[in-house]
Amino acid sequence: MSEVEYDNKNKNSVAEIFFRASDGLTYQCAGVLLHVTDKKIRVAFNAIDNIARDYIDIAKKDVIRMRELAEQEILHVGALSQ
Amino acid sequence: MSKRGTNEVSNVKYVDAHYGYGSDFADIDTLPIQEAYGYIEKSGGDITVVFIKSPKKFFGWPRSVFRRRGIIIKGLVIPQTNLVSCVQVDDLYESISIPVNAPITVLWHNVLHIANLPRRNSSLMRTEGILAGVAKDHIVVTNPSTTWEVPKQVGQHPEKPPSFYRIPIVAIKRIQRR
Numbered sequence: 001m002s003e004v005e006y007d008n009k010n011k012n013s014v015a016e017i018f019f020r021a022s023d024g025l026t027y028q029c030a031g032v033l034l035h036v037t038d039k040k041i042r043v044a045f046n047a048i049d050n051i052a053r054d055y056i057d058i059a060k061k062d063v064i065r066m067r068e069l070a071e072q073e074i075l076h077v078g079a080l081s082q
Numbered sequence: 001m002s003k004r005g006t007n008e009v010s011n012v013k014y015v016d017a018h019y020g021y022g023s024d025f026a027d028i029d030t031l032p033i034q035e036a037y038g039y040i041e042k043s044g045g046d047i048t049v050v051f052i053k054s055p056k057k058f059f060g061w062p063r064s065v066f067r068r069r070g071i072i073i074k075g076l077v078i079p080q081t082n083l084v085s086c087v088q089v090d091d092l093y094e095s096i097s098i099p100v101n102a103p104i105t106v107l108w109h110n111v112l113h114i115a116n117l118p119r120r121n122s123s124l125m126r127t128e129g130i131l132a133g134v135a136k137d138h139i140v141v142t143n144p145s146t147t148w149e150v151p152k153q154v155g156q157h158p159e160k161p162p163s164f165y166r167i168p169i170v171a172i173k174r175i176q177r178r
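Chains H and W, in that order, are what the protein sequence lines are.
Under our numbering, think of the first position of the first sequence as 1, with each following residue one higher.
Under our numbering, think of the first position of the second sequence as 1, with each following residue one higher.
Derived by calculation from the structure, the hints in this document are not laboratory data.
There's no promise every hint is true.
What the hints assert, rightly or not - Below 30 Å or equal to it, Euclidean Cα-Cα: the simulated DSS-like pairs (lysine-lysine) are:
1. W:Lys74 with H:Lys40
2. W:Lys173 with W:Lys152
3. W:Lys74 with H:Lys60
4. W:Lys13 with H:Lys40
5. W:Lys152 with H:Lys39
Stated by the list, open to error - To be clear about the criterion: a stretch of chain W counts as covered by chain H if any three or more of its residues have a C-beta under 8 Å from a C-beta of chain H, and this derived list gives those stretches:
6. 31-37
7. 48-54
8. 140-150
No residue lacks a Cβ here, since even glycine has one placed at the ideal position from N, Cα and C.
Starting from the given sequences, assemble the full structure and let the hints guide the process.
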């Protein structure tokens, strides 16, 4: 699995992250936790066929607060009706 | 749409147009479903999926814009017609009555990627070309020339003319034979 590919076997976590950028300001984002190493996390925002198109790498030292979301906390919009 | 707040994290599934430079346009029946995560806002006929936002900086924009909507650092504006739940494929398929190989003009709503912009509405595009096929949920236009209809913008999209465009039928506002 590449670093931009969603994990179909183990469902990816969705998280909300507050972080500090190089300009010293605090930013807020939400997305799929795609890739986590000792030093950085990769958060994906959108995907086609499970391949991430837009994502951001955040150094762990810049993360102010991170919270993984439970499935019931995520609002689904545009999901196929069953 | 949700009654919850704009800080609610959402998963949005949608379809989008795409273009290519080869001749493989006969290979697929349906467009891939795309998905995005973020904070959503509704604006007219569009929804904005906010990927990254800053609650603390004005970037020189009018204070009122910030107060009303906040600053989007990165996000997507998606026409509500492009949401997967809105797609009524069979009816739309029947609605394309123009014969294949006819020259056409199509007006269609495009998904917009935004970065450091206060804008919250999708673009209306104009594509002129040859109707090369009608698939289950999209049309294929060959030799397309695509420009911005609303808001007006100089140039073509993309800059290098592609050999074909796939346009979701749900995104079409008007299609006519030239």
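Going through the hints against the structure:
1. W:Lys74 with H:Lys40: 20 Å, holds
2. W:Lys173 with W:Lys152: 17 Å, holds
3. W:Lys74 with H:Lys60: Distance of about 20 Å is within 30 Å: holds.
4. W:Lys13 with H:Lys40: 28 Å, holds
5. W:Lys152 with H:Lys39: 44 Å, violated
6. 31-37: Coverage by chain H holds for the region 31-37 of chain W (5 residues, Cβ < 8 Å).
7. 48-54: holds (count 5)
8. 140-150: Violated, because only 0 residues of the region 140-150 of chain W bring their Cβ atoms closer than 8 Å to Cβ atoms of chain H.
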